[in-house]
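There are 2 protein chains.
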Amino acid sequence: MNNKMREAFQKIDGGLFSSVSKADVGDAYDNMQKDGVRLMAWADPFYPDSSIPEHVKKATIKVIENGFSSHYTVPIGNMVLKQEISKKLLKYNGIKADPKRNILITPGSDSGLFYAMLPFVQNGDEIMIVDPSYPNNFQNTDILGGVIVRVPVYEENNFQLNINEFKKRLTDKTKMVVLTNPNNPTTTVYRRECLEQLRDFIVENDLILVVDQAFEMPVFDDIEMVTVAALEGMWERTLTVFSLSKGMGLSGYRVGYIVADDKIMDKLYAATVSVLGATNTAAQIGCIEAMKDDSFLEEYFKVHLERRDMVYNLLKDVPGIVVHKSESGFLSWINVSKLGSSQEIVDYLIKEAKVAVNIGEPYGLQGEGYIRIVHGVLGSTDDLRGCIEDIKKALTKLAYSKGYKGV
Amino acid sequence: MNNKMREAFQKIDGGLFSSVSKADVGDAYDNMQKDGVRLMAWADPFYPDSSIPEHVKKATIKVIENGFSSHYTVPIGNMVLKQEISKKLLKYNGIKADPKRNILITPGSDSGLFYAMLPFVQNGDEIMIVDPSYPNNFQNTDILGGVIVRVPVYEENNFQLNINEFKKRLTDKTKMVVLTNPNNPTTTVYRRECLEQLRDFIVENDLILVVDQAFEMPVFDDIEMVTVAALEGMWERTLTVFSLSKGMGLSGYRVGYIVADDKIMDKLYAATVSVLGATNTAAQIGCIEAMKDDSFLEEYFKVHLERRDMVYNLLKDVPGIVVHKSESGFLSWINVSKLGSSQEIVDYLIKEAKVAVNIGEPYGLQGEGYIRIVHGVLGSTDDLRGCIEDIKKALTKLAYSKGYKGV
Chain A
2 MNNKMREAFQ KIDGGLFSSV SKADVGDAYD NMQKDGVRLM AWADPFYPDS SIPEHVKKAT
62 IKVIENGFSS HYTVPIGNMV LKQEISKKLL KYNGIKADPK RNILITPGSD SGLFYAMLPF
122 VQNGDEIMIV DPSYPNNFQN TDILGGVIVR VPVYEENNFQ LNINEFKKRL TDKTKMVVLT
182 NPNNPTTTVY RRECLEQLRD FIVENDLILV VDQAFEMPVF DDIEMVTVAA LEGMWERTLT
242 VFSLSKGMGL SGYRVGYIVA DDKIMDKLYA ATVSVLGATN TAAQIGCIEA MKDDSFLEEY
302 FKVHLERRDM VYNLLKDVPG IVVHKSESGF LSWINVSKLG SSQEIVDYLI KEAKVAVNIG
362 EPYGLQGEGY IRIVHGVLGS TDDLRGCIED IKKALTKLAY SKGYKGV
Chain B
2 MNNKMREAFQ KIDGGLFSSV SKADVGDAYD NMQKDGVRLM AWADPFYPDS SIPEHVKKAT
62 IKVIENGFSS HYTVPIGNMV LKQEISKKLL KYNGIKADPK RNILITPGSD SGLFYAMLPF
122 VQNGDEIMIV DPSYPNNFQN TDILGGVIVR VPVYEENNFQ LNINEFKKRL TDKTKMVVLT
182 NPNNPTTTVY RRECLEQLRD FIVENDLILV VDQAFEMPVF DDIEMVTVAA LEGMWERTLT
242 VFSLSKGMGL SGYRVGYIVA DDKIMDKLYA ATVSVLGATN TAAQIGCIEA MKDDSFLEEY
302 FKVHLERRDM VYNLLKDVPG IVVHKSESGF LSWINVSKLG SSQEIVDYLI KEAKVAVNIG
362 EPYGLQGEGY IRIVHGVLGS TDDLRGCIED IKKALTKLAY SKGYKGV
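If you read the sequences in order, they're chains A and B.
FYI, the numbering for the first sequence is 2 to 408, going by my numbering.
FYI, the numbering for the second sequence is 2 to 408, going by my numbering.
One should not assume that every hint holds.
To be clear about the criterion: a stretch of chain B counts as covered by chain A if any three or more of its residues have a C-beta under 8 Å from a C-beta of chain A, and this derived list gives those stretches [as the list claims (entries may be wrong)]:
#, region
1, 9 to 16
2, 55 to 62
3, 155 to 162
4, 190 to 202
5, 267 to 281
Think of the hints as simulated: they come from the structure by calculation, not from any bench.
Predicted model only: the values in this text are computed from it and were never measured.
In this text, a Cβ means the ideal position worked out from N, Cα and C, and glycines have one as well.
So that you can see chain A by itself, here it is in the shape it has in the complex (with noise of 0.2 Å):
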């Protein structure tokens, strides 16, 4: 059937056939977990102890136990769901949003995101993609028939965007730009000034933009975290997408949503039931209350930072490797290329330090030779100490036998 598919398609392989294994699919993860292995790979907080506040998990049982939770929702979403979203896009985003019109509640940000690809790209259209960025701006460009257009940003440069970089690579092709902000994996917000110089090239261009703010919470060191739909001009041209799963804990809860402009939206209002049904009820309802009540973040984002300064004040000495504070989130993007090669460097951290954390190429061209760690994991941060300090043991070890000494 292989030669039926779609060129995406024939090229893919989801690891039952090849001879690496990969995360996501099959005995891999499983099996390392029997080793003591421990997981710093899923962006996932605090992974695997609990983090549902408790008045969300009050507010989700009550509905499982009247049982209302057994029916769906509208579609395209639970209003007073969209009403609380819409009083937090004015207040943190900047963007009046009417729920009725302008806000679309999806089964997590990451058919989000594809969905908010989905009615543009086609047909050889060129999407600008930063790299690195998300794995899914390049897997759904790839997927909808367009043409990956890659825009690196450097190590050098904080990894900013350089409009010069979009502008060199324009044709009369390019349709889309794709954004994920604050980046993942770098952690990097973009600052005003960068997103002001894309917003005029995308307005100039007539181009589309999908912003990806999973994010979005915590940013740090009061960085201004700038929602570029709220920028003159790009209300209209933006499709911006959002997740309930980073900031807010609620990963395995599902929820994300998409926010456009109502021309933009009614399309997408058309082919909620096709392309990705209604999302669950209970989560819905659980998820008002988080964000009525979202006073439980200011103590997440505290610990969040607290880990961030650990992670680089434990790693920032050792030989070999560049630490940069994170920005954001609770991701560190490290480079490790003078000790090994990406892979290398997380096969060898299994090994030595019990960890698994990501290999960055799946981020990109620019990933080869760093390693994403995510810090969000475990409830306790002396447990992830633990982690962090048998990384830092073994990359230093590493690091030694390389030849690279301590400063």
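Fit chain B to the supplied structure of chain A, relying on the hints for placement.
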């Protein structure tokens, strides 16, 4: 932005800018319900009354209580759930499916159906779709750039497949057949001899088959429910989409699954994160228990059978309409063409009988002049009877006014 979209998205509209308000957008349903109109237009068993069995409730609540449900499952699905599904597939569908290689959990069967079609449908591929059938079959084809080839089934033939209708539409661009079995809206269970003819047609012409079996339970009157993927020669070219929403009454849980040969599944696994993301964690755990102990189905199916008979007996003698005994599920598909257009009858029933049922057109060209009644709604069969009696009274009145007299 409209002119930048795929053709299908340029054409569709979601109700925000149309004069007719669509059911799933805006306030249409809310307003109807405020007016005391009873909803019989969503295929949502026992809506709005609870239908979560106690042991399923308990399991779902437990995993929210203990907090584990805040985390992602592996995107391709909870392994224990897949093991339970595998047992069911062997017992009920005659399919031997390896939980590790042949099953993918999806956030409901709508996105499952879309994902089953996505790898194949593109660029003018001709997709044969039974008309009438589930609206998503048509819209998915359209969105993905395929050409809809309608294969009509007729009331005179009890809505069964006629292989000649397929044969005469075959071209060298035909790539896929999409089947809803049992059919929604007609409730038709396709007979073994029809399906074997279809199998021969598909194999001979090297086509792909996507079958949506969301309504596979219950089937009445000892009609054999044949899973086409289990017919010789079909396994390697069939993607079957299943749901726990319909038979098990767990619509709001949003859990479905795709079953396919591992060469196809390898491709689906490879892009699951991008297109679907993971499925809600707590819902998957609840579904494990529903599948482990499905004894509650006996009572559900008894209720559906009782209602099927009740609807038939109440409506069969209404002059001017044609009612068939439903073969499966909890729907009735009624020919009202002598009394008015599908839309006229639905509007009339909202006003006169205070019930909202479905117009026939979304199900295909053959849907004009039909209405779909979801008689699976409401926990109480007595309440349901009240709705059906109101429909009977209203339709009888209309028939008399148009000169049709009782038998």
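Hints and how they fare:
By the rule of at least three residues with a Cβ nearer than 8 Å to a Cβ of chain A, the coverage given for the region 9 to 16 of chain B holds, with 6 such residues. Against chain A, the region 55 to 62 of chain B contributes 3 residues with a C-beta closer than 8 Å to a partner C-beta. That satisfies the three-residue criterion, and the hint holds. Residues of the region 155 to 162 of chain B lying with their CB closer than 8 Å to a CB of chain A number 0, which falls below the three-residue condition for coverage. With a cut-off of 8 Å between beta carbons, the region 190 to 202 of chain B has 0 residues touching chain A; three or more are needed, and the interface restraint is violated.
For the region 267 to 281 of chain B, the stated coverage by chain A holds: 15 residues have a C-beta nearer than 8 Å to a C-beta of that chain, and at least 3 were required.
Violated hints for the displayed structure, listed by number in ascending order: 3, 4.
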